[in-house]
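**Student:** Let's have the full structure, built from the sequences with the hints guiding it.
Chains as they are written, first to last, in this note's numbering: chain A, 1 to 142; chain B, 143 to 312.
Hints in this document: simulated from the structure, not taken from any laboratory. Note that the structure is a prediction, hence the values are computed from the model and not measured. Errors might be hidden in some of the hints.
[Unchecked claim] No more than 20 angstroms apart at the CA atoms, straight line, and that leaves these computed lysine to aspartate or glutamate pairs for EDC-like: (1) B:K223 / B:D256; (2) B:K307 / B:D248; (3) B:K174 / A:E40; (4) B:K174 / A:D41; (5) A:K139 / B:D278.
[Said to hold, decoys possible] Below, a sample of chain A positions facing chain B; criterion: calculated Cβ distance under 8 angstroms: (6) I10; (7) I20; (8) A26; (9) T30; (10) G32; (11) L33; (12) Q35; (13) T36; (14) G76; (15) L122; (16) V130.
Yeah, the Cβ is synthetic: ideal placement off N, Cα and C, and Gly gets one too.
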Amino acid sequence: MADKTFLRSILQSLKNFGSILPMLAAVILTMGLFQTYITEDMLKSIFSGNTLGDTLIGTLAGGVSVGNPVVSYILGGELLSSGISLYAVTAFILSWVSIGVVQLPLEWQLFGRRFTIVRNLLSVIGAIVVTFLTVMTLKVFS
Amino acid sequence: MKQAPKARVSGTIFLPIVITTYIVLAFLHPSKTLTALDASFHVFLRILPIITAVIILLGVFNYFFDAKKFSQKLQMGSGVKGWFFALAGGVISHGPVYVWYPLLTDLRTHGMRDGLIVAFVYSRSIKVPMLPVMIDYFGWKFTVILSIYILIASVLQGVVMDFFKTNSQS
Chain A
1 MADKTFLRSI LQSLKNFGSI LPMLAAVILT MGLFQTYITE DMLKSIFSGN TLGDTLIGTL
61 AGGVSVGNPV VSYILGGELL SSGISLYAVT AFILSWVSIG VVQLPLEWQL FGRRFTIVRN
121 LLSVIGAIVV TFLTVMTLKV FS
Chain B
143 MKQAPKARVS GTIFLPIVIT TYIVLAFLHP SKTLTALDAS FHVFLRILPI ITAVIILLGV
203 FNYFFDAKKF SQKLQMGSGV KGWFFALAGG VISHGPVYVW YPLLTDLRTH GMRDGLIVAF
263 VYSRSIKVPM LPVMIDYFGW KFTVILSIYI LIASVLQGVV MDFFKTNSQS
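**Tutor:** Shown next, in the form of structure tokens:
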């Protein structure tokens with residue numbers, strides 16, 4: 001009897017997951033497109049040299065990029081060695097993991113419009129503020 | 143007592159749009175589109191074990207825990223413990239954030255407050271297994287400072303989200 005209930009719990013969670021499968025498939029397929037069409041050279045070409053502007057660009061570029069966080073560290077290291085500021089690179093690697101434009105439709109569907117908008121706005125503001133605090137604190141300790 | 147909403151199939155519009163995009167791109171850039179498809183397949187293979195783990199975790203959680211009681215710990219007034227659960231959960235959880243959404247929506251249905259969900263999601267910016275790589279590229283000082291600020295920002299964002307939620311309800 002207990003086993004049956006446990007099985008039912010697993011089946012219920014499978015059913016819940018099944019309901020988001022089409023959206024999950026769409027998100028994964030979009031990731032493939034982003035990974036292929038947004039190249040390293042494209043990312044390098046969008047930075048201007050202005051600290052605030054580059055921080056904003058880094059935040060946006062990280063937000064629309066997808067993939068393993070290690071890729072963002074490697075790309076960030078490359079950008080840093082090619083002269084892009086630490087502000088821009090920090091914003092880029094932070095928003096890579098904290099903002100997800102690709103999964104927005106799924107978040108919207110599951111948590112609602114208000115939650116999704118507020119949470120993502122907070123993430124964008126958070127990425128910029130944390131970037132400035134991190135680089136400035138690092139300067140103090142260096 | 144809150145009733146769990148009936149599971150609605152999501153992505154019924156988004157998926158056909160993405161498939162159509164693939165078909166159009168396949169005509170314009172066949173090899174690039176194939177690369178994109180291959181990249182998607184690799185993403186799927188990478189997250190498959192995590193999806194399986196989350197499904198089992200969700201099932202085990204629903205079977206062994208009283209979801210209502212557990213989520214009471216994560217409701218308004220859960221204090222430091224609630225924040226600790228959210229931050230620790232976020233830092234140790236693996237894989238892409240969207241595979242955790244079903245578990246979070248389940249907890250939310252049972253009363254977990256939005257601020258803690260926000261803190262959980264943001265604290266996932268700290269990727270414990272990848273910290274050595276970050277240290278290698280940016281140094282340990284940078285990694286420690288960034289991680290501390292991420293944790294502080296997670297709580298602050300959660301507090302702001304709760305503030306918005308409370309104000310919209312009153």
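**Student:** Now tell me if each hint is right for this structure.
**Tutor:** Tested hints:
Between B:K223 and B:D256 the alpha-carbon distance is near 15 angstroms, which keeps this suggested pair within the 20 angstroms criterion. Taken as a hint, the B:K307 and B:D248 pair is honoured in the structure, with Cα atoms around 18 angstroms apart against an allowance of 20 angstroms. Taking the CA atoms of B:K174 and A:E40, the gap is about 16 angstroms. The hint holds against a cut of 20 angstroms. At roughly 16 angstroms between alpha-carbon atoms, B:K174 and A:D41 fall within 20 angstroms of each other, so this suggested pair holds.
With a CA separation close to 19 angstroms, the supplied pair A:K139 and B:D278 stays within the 20 angstroms bound. Residue-level restraint check for A:I10 holds (minimum Cβ-Cβ distance to chain B is 4 angstroms; threshold 8 angstroms). Contact between A:I20 and chain B, as hinted, is supported at the beta carbon level, the nearest pair being about 5 angstroms apart and thus within 8 angstroms. About 4 angstroms separates the beta-carbon of A:A26 from the nearest beta-carbon of chain B, less than 8 angstroms, and the hint is met.
Hint on A:T30 holds. Least Cβ distance to chain B is approximately 6 angstroms, under the 8 angstroms limit. Against a cut-off of 8 angstroms between C-beta atoms, the interface hint on A:G32 holds, since the closest Cβ of chain B lies about 3 angstroms away. Checking A:L33 against chain B: minimum C-beta separation of about 5 angstroms stays under 8 angstroms; hint holds. Because the beta carbon of A:Q35 sits about 5 angstroms from the nearest beta carbon in chain B, less than 8 angstroms, this interface hint is met.
Interface restraint check: A:T36 against chain B, minimum CB-CB distance 4 angstroms, threshold 8 angstroms, status holds. With its C-beta approaching chain B no nearer than about 7 angstroms, A:G76 sits inside the 8 angstroms limit, and its interface hint holds. Checking A:L122 against chain B: minimum C-beta separation of about 4 angstroms stays under 8 angstroms; hint holds. Here the hint on A:V130 is kept, as its CB sits about 5 angstroms from the closest CB of chain B, short of 8 angstroms.
Every hint from the earlier list agrees with this structure, and none is contradicted.
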